[in-house]
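Student: Same order as they appear, the protein sequences are chains A and B. Mapping to my numbering: the first sequence position 340 is 343, numbers consecutive. Mapping to my numbering: the second sequence position 10 is 1, numbers consecutive.
Read the hints as simulated data drawn from the structure, not as lab findings. Just so you know, not all the hints are guaranteed correct.
As the list claims (entries may be wrong) - In silico BS3-like pairs for lysine-lysine, Cα to Cα no more than 30 Å straight-line:
# : chain 1 : residue 1 : chain 2 : residue 2
1 : A       : K47       : B       : K131
2 : B       : K60       : B       : K72
3 : B       : K72       : A       : K102
To be verified - To spell it out: a stretch of chain A is covered by chain B in this simulated footprint if at least three of its residues, at any positions, have a beta carbon under 8 Å from a beta carbon of chain B; those stretches are:
# : segment
4 : 50 to 60
5 : 135 to 141
The beta-carbon is built from N, C-alpha and C at its ideal position, and this holds for glycine as well.
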Amino acid sequence: MTAQEVRLCGLLLQEHFGDVVEKVGTHLICSGVLTLRALAHETKLPLDLVKKSLCVLMQHGMCAFGAGRRGPAGPVEYHIICEHILHMLRYPRYIYTAKSLYGDTGELIVEEILQSGQMTMSSTVKTVADRLTHNMPEGQSMDYSEVVSAFSRLVETHFLQRCPPMASAGSSSSGAVNTPLPAVTQPTKPEDHPECYRLPYINLTGQGKRRRSSEDGEAEQRAAKKAKTDNSERGDEGIYWQVNFQRFHLHFRDQAIISAVSCKLDQASSEIVRTMLRMSEVTTPAHAAFTQALSANEIFRAFPSSYNIARPILDQYLTLLVDDPMEFVGRTGDSGGGMYVVNLHRALANLARATLESVVQERFGSRSARIFRLLLRKRHLEQKQVEDFAMVPAKEAKYMLYTLLSENLVQLQEIPKTPDYAPSRTFYLYTVNQLPTARLLLQHCYKTVGNLIERRLYETKENKRLLEKSQRIEAILASLQATGAEAAQLTEVEEMITAPERQQLETLRHHINKLDSSENQVDETIFLLESYINSTQAPP
Amino acid sequence: MAGSRGRGRSQFSFSVDALGFGRGDSLPSSAHTPSPLFPPMQFRPVPLHTGEEVDYMLALKQELRASSKNLPFHIKAARTKTDVAHYSDKYQNGETKNNCIEWSPDWSRMPKELCIKVRKPRKTGAKPQLTRKPKVAAGKEEVLQKLETLEKREEEQHSEEEEDEEKKKQNEEEPDADEDYDEEDLEDETDYIMSYFDNGEDFGADSDDNMDEAVY
Chain A
4 MTAQEVRLCG
14 LLLQEHFGDV
24 VEKVGTHLIC
34 SGVLTLRALA
44 HETKLPLDLV
54 KKSLCVLMQH
64 GMCAFGAGRR
74 GPAGPVEYHI
84 ICEHILHMLR
94 YPRYIYTAKS
104 LYGDTGELIV
114 EEILQSGQMT
124 MSSTVKTVAD
134 RLTHNMPEGQ
144 SMDYSEVVSA
154 FSRLVETHFL
164 QRCPPMASAG
174 SSSSGAVNTP
184 LPAVTQPTKP
194 EDHPECYRLP
204 YINLTGQGKR
214 RRSSEDGEAE
224 QRAAKKAKTD
234 NSERGDEGIY
244 WQVNFQRFHL
254 HFRDQAIISA
264 VSCKLDQASS
274 EIVRTMLRMS
284 EVTTPAHAAF
294 TQALSANEIF
304 RAFPSSYNIA
314 RPILDQYLTL
324 LVDDPMEFVG
334 RTGDSGGGMY
344 VVNLHRALAN
354 LARATLESVV
364 QERFGSRSAR
374 IFRLLLRKRH
384 LEQKQVEDFA
394 MVPAKEAKYM
404 LYTLLSENLV
414 QLQEIPKTPD
424 YAPSRTFYLY
434 TVNQLPTARL
444 LLQHCYKTVG
454 NLIERRLYET
464 KENKRLLEKS
474 QRIEAILASL
484 QATGAEAAQL
494 TEVEEMITAP
504 ERQQLETLRH
514 HINKLDSSEN
524 QVDETIFLLE
534 SYINSTQAPP
Chain B
-8 MAGSRGRGRS
2 QFSFSVDALG
12 FGRGDSLPSS
22 AHTPSPLFPP
32 MQFRPVPLHT
42 GEEVDYMLAL
52 KQELRASSKN
62 LPFHIKAART
72 KTDVAHYSDK
82 YQNGETKNNC
92 IEWSPDWSRM
102 PKELCIKVRK
112 PRKTGAKPQL
122 TRKPKVAAGK
132 EEVLQKLETL
142 EKREEEQHSE
152 EEEDEEKKKQ
162 NEEEPDADED
172 YDEEDLEDET
182 DYIMSYFDNG
192 EDFGADSDDN
202 MDEAVY
């Protein structure tokens, strides 16, 4: 874990779960693996608070535990899974994707599960139905069956998966009917479980309940008791569902490839690539370098009915895609009218390269970008060659190269002619290595998001008094309107905020929106660079 | 090899052309301070993406942030007890305690050592008010009973029992009553010494003989 990642994780934990969890989480990230007692001792927090924080982190899948170094008999050791904390940045994107694929119902299901970490199917369905009913006009309510069908579709396409069951390590079951709960239960990977995507059988009928604002505590307690007794009849006790982040990432990757093709070529080519990716969704494993080979005939048959192009035109487009220097699509055989694959890893590498070039262009200008692209293409070049190929005057080329060198985007490689590395007899070659540069930029991105969050917290803190005042006035206005006050009273309350204060609030809101939006946008770059770096590593 | 030095006088081991500046040019000044915190940018950054999708995700992000503060997963440390008891303490309900957790996780999926008591979320106001009234009524009866028992007891034990009463009734609203005051004080031990009081009975009780002395 790099320093920037730790800082960003700390900020995200603090934003969502408070200071206590942040302290526990960052300490555990920095220390690696710790037992409960050691963690409580080192963070100097009360033991109960540490227990609560660990429960929260485990509920959200950010912390895992395992048998310690002393084996199953010793104390349990905990460690943090940093990627899951960093995924918190991407929650809005996951929810929006679910909305675009499965509508409002899908959106709410994913949102509920993301916020709670893990949920059973029945409780998710009930909560989502209630929320949808709340937003519907009076008299209508959401039926459970619709929510169940949306849930099933999400599971079928692997966007949701079961939480892996705990395999007990070292439990002693000597024929007793009720084995005591083992002190250490070992979590397993979700994919190892064969029933990962199997829906449980539950009998859940009914409709969402509208929550009245005037309901008193008694009725809610009765409803809560009823819900508890109902739960035992549902039939899916102990089966928890979590969001399958990897599937969402594959979806984002496909989206990025399709939009890149549509930008570079045209709409028709992007439709072809979309069809190819859709066909190979389920057959391609997660870390594959290219999709399964698809014949041109199959692609033609799999086109959506709304989109029809003639067969020879399809062949022309496929040839165009194969010949494109971006190499999104490759041809692997001739049977069936030609066998084509989508080169996933190469596409990711090209997308990352485009990101790097764009960063250099925006920070240092188009001529520096030209030099950068040149070095990417030609690998190693001397000073003189750079000037000639880039068609940039010598002095400026030198200046730009040195600027890029000082930012670590370009490296210098020395090739000596003589063993003593004498400067007059050594070749100095400039080079760009894509992978280390991508890693460098990724760390810059983490630092950027950390800075954005801190700036937003600072802005909020500066204007805390004003924000609280405006919240109070809104609350007063809302209660006045609910009790039906007249317009004069409302305007009187509204005037409690003066015009310059209103102006200040407006600028504050504008700044915070901008900072939030920037976070979302930087996260898109983070996703691309992370996917590229992960694709270069050997699959686990 | 260092051997080729000394042929020409000012001959460096590398040719200055390769470095990129001529002989007479001044070297760029060396940096004395760390680079500024907000260095001036050469180019303005590209404006952010706009569009319906971007706005929706922005709204989602802000909503998620706001709602996560109300969830039971947002853990706040319990306030440490100060020595001073505030008036507002009795009106603040639902104070988080460190040893209860506000949601019920599935304990079978977690190590046993993490298990803490689960606290049901209390509804505001209903319970404290209900329990207060019976306590107040009981308090009055208690006081009456105490008074009766104290009347029968010896006076030396009064002060000790007063302290016990106060400890039992610490959480209650009504002020701790009526310390039983010693009834002895009323009659005998006033601030005034009885012998100084002259109630006039002796006036004129002196003998009337020897009336030749004038009476002033």
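Student: Evaluate each hint against the coordinates.
Tutor: Hints versus structure:
1. Straight-line distance between C-alpha atoms of A/K47 and B/K131 comes to about 46 Å, which puts the hinted pair past the 30 Å bound.
2. For the hint pairing B/K60 with B/K72, the CA-to-CA distance comes to about 24 Å; that is within 30 Å, so the pair holds.
3. For the hint pairing B/K72 with A/K102, the CA-to-CA distance comes to about 47 Å; that exceeds 30 Å, so the pair is violated.
4. Counting residues of the segment 50 to 60 of chain A whose CB falls under 8 Å from any CB of chain B gives 8; the rule of at least 3 is met.
5. Residues of the segment 135 to 141 of chain A lying with their CB closer than 8 Å to a CB of chain B number 0, which falls below the three-residue condition for coverage.
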